[in-house]
Structures are given as C-alpha cells and as structure tokens.
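Enquirer: Sequences listed follow chains X and C, in order.
Per the working numbering, the first sequence starts with residue 5, numbered consecutively.
Per the working numbering, the second sequence starts with residue 141, numbered consecutively.
Careful: at least some of the hints might be erroneous.
[As the list claims (entries may be wrong)] With a straight-line cut-off of 20 Å between C-alpha atoms, the simulated SDA-like cross-links for lysine to any residue are:
#, chain 1, residue 1, chain 2, residue 2
1, X, 152, C, 304
2, X, 152, C, 311
3, X, 152, C, 168
4, X, 152, C, 332
5, X, 152, C, 312
6, X, 152, C, 167
7, X, 152, C, 306
8, X, 152, C, 303
9, X, 152, C, 334
10, X, 152, C, 200
11, C, 334, C, 200
12, X, 152, C, 322
13, X, 152, C, 170
14, C, 332, C, 322
What the hints contain is simulated information worked out from the structure, not anything from laboratory work.
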Amino acid sequence: MTTKAYSRRNFLRYAAMVAASGGFGIFAPARAGLPPTRSMRGGSNNYIPGAPIVERIGGGGFTMSGTVRRAGDGAPLAGQRIQIWAHTTEGYESDERSHGATLSDENGFFVMDMPQIVPAFGQPHAHLAYDSNEFETVFLRPVMPSSKDTSLEAHFVLQPV
Amino acid sequence: MLRFVPLLTWAILLLVIIAPMLVAAQSPLLAWRDPVYITAGFAGIAAMALLLLQPLLAAGLLPGLTLKRTRQVHRWTGSLLVAAVLLHVFTLWLTSPPDVIDVLLFASPTPFSIWGVIAMWLVLLSAAIAALRRRLNLSPRTWVLSHTVLAAIIVICSVIHALLIEGTMGTVTKWMLCLVTLAVTIKVIADKWKSHVRPRPQTRLRSRV
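Extracted from the complex, chain X is given alone in its bound form (with noise of 0.2 Å):
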C-alpha cells in the first residue's frame, strides 16, 4: 500500500541524508555553523506537556517523521523526545489522545504513526515540540503542501542550554 511506499521513500532520503552528513563530518569538521531551529509562530498552540511515548496515535495511517541533530556541528542526536499532536480524523489539538512522543533512533531519525491530519484554522498541519531541558525548547508548526499527502517531515536542530 502507500505506507510502503512511502517507507521506501523515506530511507532512501534519509540514507541519502546520512551519506551526506556523513560526508560532511568526515571532509568538513569546521562545519560549526548549523544554525539552531527556532520556534515557528504558533507552534506551541495546544500544547500539553509530558504526552506519553506511545507506538503510534490512535489508529494510524499517517507518517509524521524527522530528524534531530545538534546545533553547531549538526550530530544526530539519539533517544531525543519530540512531542506531536495535530488535528486529525480522530480528534482536536485539544484532545489528549491526538497527543503522543516517540524518541529519535540513533541516527537522529524519528518516525510517529498516527491519525491522517485533516486541515484545521485554515491549513493543514502538524505541531511538535523538544521540551525536555538538556537543549533549548523547539516548537514546529509545520503545514502539509496538500491536505491529501499522507506524510510530513519536520526536523529540528537544538542548542544545548
């Protein structure tokens, strides 16, 4: 089905993006420039701390998936908490059950399955947040490109506090 395709996909970028920062750790170690990610306006909209690691939201269906790497020399960075909720076919931003964790591999990847986002006030799109004290605290409020895509990336670069 399309989750397939979709996986295929995204390995193939993310094994791309590995190569790539692999690379560019190997060739470029002065690479001390990687900006840290800065909040988006609104992102902490219905923001409930502490939403529990959780397999996938609901049902599933829809992949919400990213990186996280540390700011300045841009390592991935494992086992970091990020925190996503989104209006979706089963429920409000509000609601607590639209809200779920899941941690970063040691790649720096991290995949949630959840419910399909639906568009709400206006646009289609996802809120996550890092706010787990070891970095500084990220709020992303990524929008879908169409309301029929059936996944969404948003990645995040922290700065250690």
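Using the hints, position chain C against chain X.
Expert: Using the frame of chain X, we list chain C on its own:
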C-alpha cells in the same frame, strides 16, 4: 423578455449566496469538527454573503425594492454582519483559544488571518461610525466617503481572507461569491464616484431647490 430580468437577478443572487453554503454543508471536513467549530465556519460564510448584499442594498440595485426600503434593510443586514463576524471569532475562540489569541495579536503563522482580523476591526469601526453618525455630527460628504472607503477595504480584506483559507467552502463557489462581491462593490463605488464627479442634471436641480 425584459420582464424576466428582475427574476433572473434575484435567481443569480440566490445562487451565488446559497450555493457556497450548500457545498460547504457537504464538506468532508465537517465529519471531524464539532457543532461549535462548524458554526464558526458557517458564520464566516454568512458574513461573506452579507458582504455581497450590503453594496446591493446601499445602492438600491435589488429589483422590486425602492432605495429607501433597501437602505433600511442595509442597516439591519449591517447589524447582522457584525453579529456574524463576532460569532465567527467567538466560536473559533471556543474551538482553539491560543490560535485566536495569536490572530488578534497579529502573531498568527497563518497569512489569511491578518486579513480577517483587519476586516473584523474595520467592520466594527464602520458599524460604530454608522451607529454614532448623528452624534459625531458628520457631514454627509465625510460620512459617505468614510463609509465607502471602509467598505471597500473590508471587502478586499475579507475576499483575500476567504480565498486563502483551506476550509469547508468549495473552491468554485467560494471564488464565485468572492468575485461577484468584488465586482458588485467596484460597480457601486464607481457609480457613486461618477455621480459625484459629474452629477446628473436633475440631481443638481433638485439639490438646489
């Protein structure tokens, strides 16, 4: 043949106003919204429909009704417009307070909301001036000019607001309502302007008497 023109005008007007509502009522998005949020959307659509009626009523362009009568209705529909805008904002606020607070503080990430909030303040200002018109002792010239300028900006901002939103309205009927509203507003203001720059002889005569 000409007898049918008034009927046709009313039919087209009803179509332009009713069709967007009927299409919105079929939107799949409604399945994932509660009655409060659905009300918010339809209050917005109703406000857009009232924006189309306002210039038609102000200029007496509706067949079968005298200018005096339509001006009276214009005041009532103006009040309804204020009510629809307030209901729109209030029900959106109930649905997601932080999003509406962002919008009111001009800190929203959504580009369309700026246009909506400008239109809202100007609708309220316009209504306040209309209500206090006598007490403010405005000259007819100042009154007409200010009301017309405000109306024009309200229509432009509201149309941009509506067109940028991905919501329950259907694309075709939304564009139809917006473009007809723009066209009517431009026509009414242009007519007003023409009669102001080049007053018709009988108007001039009458005003001198």
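Enquirer: Need the status of pair residue 152 (chain X), residue 304 (chain C): alpha-carbon distance at most 20 Å?
Expert: holds, 17 Å
Enquirer: Between the alpha carbons of residue 152 (chain X) and residue 322 (chain C), is the straight-line distance 20 Å or under?
Expert: Violated. Residue 152 (chain X) to residue 322 (chain C) sits at ~30 Å, over the 20 Å cutoff.
Enquirer: Below or equal to 20 Å on CA atoms is what counts here, so check residue 152 (chain X) against residue 168 (chain C).
Expert: holds, 12 Å
Enquirer: Measure nothing beyond the straight line between the CA atoms of residue 152 (chain X) and residue 332 (chain C); if it is 20 Å or shorter, mark the hint as holding.
Expert: Violated: residue 152 (chain X) and residue 332 (chain C) sit about 46 Å apart, past 20 Å.
Enquirer: Given the hint that residue 334 (chain C) pairs with residue 200 (chain C), test it: the Cα-Cα distance must not exceed 20 Å.
Expert: holds, 16 Å
Enquirer: Does residue 312 (chain C) lie within 20 Å of residue 152 (chain X) when you go C-alpha to C-alpha?
Expert: The hint holds at about 19 Å.
Enquirer: What's the verdict on residue 152 (chain X) and residue 306 (chain C), does the C-alpha distance respect the 20 Å limit or exceed it?
Expert: holds, 12 Å
Enquirer: If you draw a straight line from the CA of residue 152 (chain X) to the CA of residue 200 (chain C), is it 20 Å or shorter?
Expert: Violated. Residue 152 (chain X) to residue 200 (chain C) sits at ~44 Å, over the 20 Å cutoff.
Enquirer: Decide if the proposed pair is consistent with the structure: residue 152 (chain X) and residue 334 (chain C), CA atoms, cutoff 20 Å inclusive.
Expert: This hinted pair is violated, its Cα atoms lying about 48 Å apart.
Enquirer: Is it true that the CA of residue 152 (chain X) sits at most 20 Å from the CA of residue 170 (chain C)?
Expert: Answer holds: residue 152 (chain X) to residue 170 (chain C) is near 16 Å, not above 20 Å.
Enquirer: Would the hint linking residue 152 (chain X) and residue 311 (chain C) be met if the CA-CA limit is 20 Å?
Expert: holds, 15 Å
Enquirer: Sort out whether residue 322 (chain C) lies within 20 Å of residue 332 (chain C), counting only the CA atoms.
Expert: holds, 15 Å
Figure legend: structure checked against the earlier numbered hints; hints not met, in rising order: 4, 9, 10, 12.
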